[in-house]
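Chains as they are written, first to last, in this note's numbering: chain A, 2 to 143; chain B, 40 to 118.
Be a bit skeptical, because a hint or two may be false.
[Stated by the list, open to error] 20 Å max Cα-Cα, derived EDC-like pairs, lysine to aspartate or glutamate:
1. A:Lys124 / B:Glu108
2. A:Lys124 / A:Asp10
3. A:Lys116 / A:Asp141
4. A:Lys124 / B:Asp107
5. A:Lys124 / B:Asp56
6. A:Lys116 / B:Glu95
7. A:Lys124 / A:Asp141
8. B:Lys104 / B:Asp71
9. A:Lys124 / B:Glu51
10. A:Lys124 / A:Glu50
11. A:Lys23 / A:Glu75
12. A:Lys116 / A:Glu54
13. A:Lys124 / A:Asp37
14. B:Lys104 / B:Glu61
FYI, nobody ran anything at the bench for these hints, they're computed from the structure.
Everything numeric in this text was worked out from a predicted model, so none of it was measured.
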Amino acid sequence: MIIRLQREDFDPERAVQAIDVKGSGARVSFVGIVRDTAAGAPITALEIEHYPEMTQAELARIATHAQDQHHLHEVVIIHRYGYIERGERIMMVAVWSAHRAEAFMGCQAIVDALKTRAPFWKKEISPQGSAWVAGAMPHDLG
Amino acid sequence: MITVRFFAAVREVMERDGARYEAPGATVTANDVLAAIAGARLADLPRPLLVAINREHAHLTSPVKDGDEIAFFPPVSGG
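Could you put the whole structure together from the sequences, leaning on the hints where they help?
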């Protein structure tokens with residue numbers, strides 16, 4: 002498992018090319034980027050805040066859970082924080098498994114869990130000002 | 040002593056990123072600590088509110104003890 006939290010951009014292909022996972026027949030990856038609009042209005046950038054000491058641990062819990070549930074051989078999660086302009090990469094998840102079904106489902110499970118469990122908060126910045134993005138409640142904490 | 044941390048919109052309403060709280064002898068919950076620290080600002084805090092105890096998701100009704108780190112924050116939006 003590789004988890005990276007960083008301000009700077011990353012190269013998605015370089016992040017996975019050196020990883021040699023024996024027995025894997027599938028790799029699925031997802032890259033999230035900053036949309037140029039929010040609710041139809043243009044935005045300039047996102048400012049992402051996080052809880053550094055918890056983020057690393059929570060991402061590891063999310064990755065471990067997905068590995069167990071979907072028989073993943075390896076997981077890479079990279080997530081940026083700080084000021085990120087529209088069109089830039091925010092995060093990526095890559096997973097390896099024996100077959101494609103586990104890889105697709107495992108990658109989606111991790112991305113979905115990030116939305117509700119990983120302690121990041123996004124503020125959308127536009128020419129009109131800034132506003133927090135409404136988050137989602139984890140199903141077991143509602 | 041309990042370490043309390045605030046993030047995102049909660050930090051903005053509280054106008055600080057954390058506090059220290061001396062736990063009384065009796066059992067207290069995360070919500071008790073928040074109410075004691077927030078005072079009149081409690082009604083202004085965004086809802087729903089999430090809590091983490093020692094860097095793991097917990098509930099507002101979860102008990103806390105001396106030495107714990109409690110964080111209060113709005114629902115998250117990672118990814």
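Outcome of the hint check:
Distance hint between Lys124 of chain A and Glu108 of chain B is unfulfilled; the C-alpha atoms sit about 25 Å from each other, more than 20 Å. A C-alpha spacing of about 18 Å is found between Lys124 of chain A and Asp10 of chain A, which places the hinted pair at or below 20 Å, so the restraint holds. Straight-line distance between C-alpha atoms of Lys116 of chain A and Asp141 of chain A comes to about 14 Å, which keeps the hinted pair within the 20 Å bound. Only pairs whose Cα atoms come within 20 Å are accepted, and Lys124 of chain A paired with Asp107 of chain B is rejected, the gap being roughly 29 Å.
Between the alpha carbons of Lys124 of chain A and Asp56 of chain B the distance comes to roughly 17 Å, so the proposed pair stays at or under 20 Å and holds. Between Lys116 of chain A and Glu95 of chain B, the direct Cα distance comes to roughly 16 Å. Compliance with the 20 Å bound is thereby established for this hinted pair. Distance restraint check for Lys124 of chain A and Asp141 of chain A: the Cα-Cα separation of roughly 25 Å exceeds the 20 Å cut-off, and the hinted pair is therefore not satisfied. Annotation: proposed proximity of Lys104 of chain B to Asp71 of chain B holds, straight-line Cα distance about 12 Å (limit 20 Å).
Using a Cα cut-off of 20 Å, the hinted pair Lys124 of chain A and Glu51 of chain B holds, with the two alpha carbons roughly 12 Å apart. This hinted pair checks out: Lys124 of chain A and Glu50 of chain A have alpha carbons roughly 8 Å apart, not beyond 20 Å. As the CA atoms of Lys23 of chain A and Glu75 of chain A are separated by approximately 10 Å, the hinted pair is consistent with the 20 Å bound. For a cut-off of 20 Å, the pair hint linking Lys116 of chain A to Glu54 of chain A stands: about 18 Å separates their Cα positions.
About 13 Å separates the Cα atoms of Lys124 of chain A and Asp37 of chain A, which keeps this hinted pair within 20 Å; it holds. This hinted pair checks out: Lys104 of chain B and Glu61 of chain B have alpha carbons roughly 10 Å apart, not beyond 20 Å.
The structure is inconsistent with the numbered hints 1, 4, 7, although it conforms to all the rest.
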